[in-house]
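Once you have looked at the hints, place chain B with the ligand on chain A.
Residue numbers (full-length UniProt numbering), protein chains in the order written: chain A, 1 to 141; chain B, 1 to 404.
Hints listed in this document are in silico derivations from the structure and should not be mistaken for laboratory results.
Source: prediction; values computed, not measured.
Any given hint might turn out to be false.
To be verified - As a list, the in silico DSS-like pairs of lysine-lysine whose alpha-carbon atoms are at most 27 Å apart:
| no. | chain 1 | residue 1 | chain 2 | residue 2 |
| --- | --- | --- | --- | --- |
| 1 | B | Lys-88 | A | Lys-13 |
| 2 | A | Lys-121 | B | Lys-397 |
| 3 | B | Lys-404 | A | Lys-13 |
| 4 | B | Lys-138 | A | Lys-121 |
| 5 | B | Lys-328 | B | Lys-138 |
| 6 | B | Lys-352 | B | Lys-328 |
| 7 | B | Lys-401 | B | Lys-352 |
| 8 | A | Lys-13 | A | Lys-92 |
| 9 | A | Lys-121 | B | Lys-155 |
| 10 | B | Lys-401 | A | Lys-121 |
| 11 | A | Lys-13 | A | Lys-132 |
| 12 | A | Lys-132 | A | Lys-101 |
| 13 | A | Lys-13 | B | Lys-352 |
| 14 | A | Lys-135 | A | Lys-101 |
| 15 | B | Lys-88 | B | Lys-74 |
| 16 | B | Lys-397 | A | Lys-13 |
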Amino acid sequence: MDNYREEIIEHYKHPQNYGHLSHADATVHERNSSCGDVIDMEVAYEKGAALSAEGASTSTAAGAAKIQNVRFTSDGCSISRASASMLTEEVKGMSRADIAKLGPQDIFDMLGVNIGTTRAKCALLPLDAMKKLIKLPAKHE
Amino acid sequence: MTDFSAIKKRFPIFTNQPNLVFLDNGASTQKPQAVIDAITELYTKYYANVHRGIYKNSERATDMFEAVRGKVQKLIGAAHEQEIIFTKGTTESLNTIAYTWGERNIQAGDEIVVSLLEHHANFIPWQQLCQRKGATFKIAMPEKDGTLSVEAVKKQLTPKTKLVAITHVSNVLGVITPVRAITAAAHKVGAKVVVDAAQSIAHLPVNVQDIDCDFLVFSGHKMYGPTGVGILYGKRELLENMEPFMFGGNMINEVTIERSTWAPVPEKFEGGTPAIAEVIALAPAIDLLQEVGFDAIRAHEKELLTYALQQLATLPDITIYGPQDADKISGVISFNLDTVHPHDTGTLVDEKDVAIRVGHHCAQPLTNFLGVIGTCRASFAIYNTKADVDRLINALKHAQKVFK
Ligand SMILES: Cc1ncc(COP(=O)(O)O)c(C=O)c1O
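So here's chain A without its partners, still in its complex pose (with noise of 0.2 Å):
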């Protein structure tokens, strides 16, 4: 078991994408209920998406819009900063409804590492945000 393989101890202490954007489309708040572990995370899609209510949705124009930006900033732990991290940067470019199929198997792929069932939460946390932040409706169109 090595939870702590350096790249994750180096996306904890370097995280990418931290921070906050100068525009954003959307932003949304995460809690993880079991450590109180939290996330803010905010998106800007490429200009001219059309961005509607419904969000993430594979057959709708809306799904095909792609995110042009994405920052986060979180209070967590390693494993939780570390996906934060991998995921953001993973995302860039990719479309509303392929990101709506990314499931937890993604994220432990990313991050490399065998996780318990309690550190899975951890690990998850920015992807439920992502996911959640993907499906609300964008600020201008």
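Frame of chain A, contents of chain B with the ligand only:
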């Protein structure tokens, strides 16, 4: 002198996992062989439902079951055996009080006082009761170091106060509260008092007549007994005047189509088949506590707490919460490594086979007060040793190294 390393040998988990350092006793303790044997013996030798059959096995099971009531009575110094009600744990005991005594006796405009130290189990039932009834939910605030003074509780008491619910020992900070003085103050304004003894029952002598509390609750699994059994103590007059809440078998006197009448206490509050094996196996756990004795238990614990506080303080970048004085705390020390998130600390010390609890410990109002999302908590039991503290310190150094 009690030989605590011999006591450790009675807990088979440490034979099966010789390297285990178990410091999450505040959540639940390990079980001695005698408790495990009592369960096996019942199921293999004389199992039957209690209070029902007139055949030999049922009578033996009933006798064994009822004998535990007397043991609990003696453990907490209750005046009457009927004042001991078996529940499934502290949480059920507290909710039972809220739904029986609380529903009947709390009205709009009344006030209920709890402290900020409370576990959610002794916080939410009263908060929700107040919301249902239009009563006022008031909080007695601890000092900066987490200690709770009688004055802090007195400040919240008014002639409208109907109930004061206070933990005997904080499950986050280990702080021992002055329950006796708090009870006296509450009684002066005519309020009833609930004491949550979940964290104290295996650590400090608890005497309900000395405290003079109206209710006292605890769980079997935090005192070396099985899960699924807990105690609700209530003064007899109070229990007799309370309506039952769990209707069904065992708790009735007579049932007709028109109406039902209730069995006397304690059966009135023990509807349904109880946790027979768990109640019976609570007996050897109580025997263990009484065999070792609370003087020896407390002396051993204070030695461990003092040593742990000293050793933790030698670490760089550590914040220790609570009064940091073994006289003022019992069983529990909370801390954080400044450079490591508590979750990471928990996982990293586990790599060294040291089990601690991390998080908000079901006491979010208190962790908010401390200004943290969570803490690391080391909590001690009779089988812990100074060597366990040394292992904890080394494991914490390992965590700090990983996050250097
Ligand atoms: C002080 C305190 N009260 C109540 C509880 C709840 O006990 P249980 O989960 O056994 O019902 C606990 C333990 O988690 C506790 O530490």
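Is the Cα-Cα distance between B:Lys-328 and B:Lys-138 27 Å or less?
holds, 25 Å
What's the verdict on B:Lys-138 and A:Lys-121, does the C-alpha distance respect the 27 Å limit or exceed it?
At roughly 34 Å apart (the allowed maximum being 27 Å), A:Lys-121 and B:Lys-138 break the hint.
Pair hint B:Lys-88 and B:Lys-74, alpha-carbon separation not exceeding 27 Å
With a Cα-Cα distance of about 20 Å, the restraint between B:Lys-88 and B:Lys-74 holds, given a limit of 27 Å.
Against the 27 Å threshold, does the CA-CA distance of B:Lys-401 and A:Lys-121 hold or violate the hint?
Given that 27 Å is the threshold and the Cα spacing comes to 25 Å, the pair holds.
Check the hint pairing A:Lys-13 with A:Lys-132 against an upper bound of 27 Å on the C-alpha distance.
Since the Cα atoms of A:Lys-13 and A:Lys-132 sit roughly 26 Å apart, the hinted pair holds (cutoff 27 Å).
Keeping to a limit of 27 Å between CA atoms, is the pair of A:Lys-121 and B:Lys-155 held or broken?
Violated, at roughly 41 Å.
If you draw a straight line from the CA of B:Lys-401 to the CA of B:Lys-352, is it 27 Å or shorter?
holds, 13 Å
Going straight from one Cα to the other, do A:Lys-121 and B:Lys-397 come out at no more than 27 Å?
Holds: A:Lys-121 and B:Lys-397 sit about 26 Å apart, inside 27 Å.
Mind checking the alpha carbons of B:Lys-397 and A:Lys-13 for me, to see if they're no more than 27 Å apart?
Roughly 19 Å separates the two Cα atoms, so the pair holds.
Check the hint pairing A:Lys-13 with A:Lys-92 against an upper bound of 27 Å on the C-alpha distance.
holds, 21 Å
Please verify whether B:Lys-88 and A:Lys-13 have alpha carbons no more than 27 Å apart.
violated, 45 Å
Given the proposed pairing of B:Lys-404 with A:Lys-13, does the C-alpha separation stay at or below 27 Å?
Holds - the C-alpha atoms of A:Lys-13 and B:Lys-404 are around 10 Å apart, at most 27 Å.
Of the numbered hints listed earlier, those contradicted by the structure are 1, 4, 6, 9.
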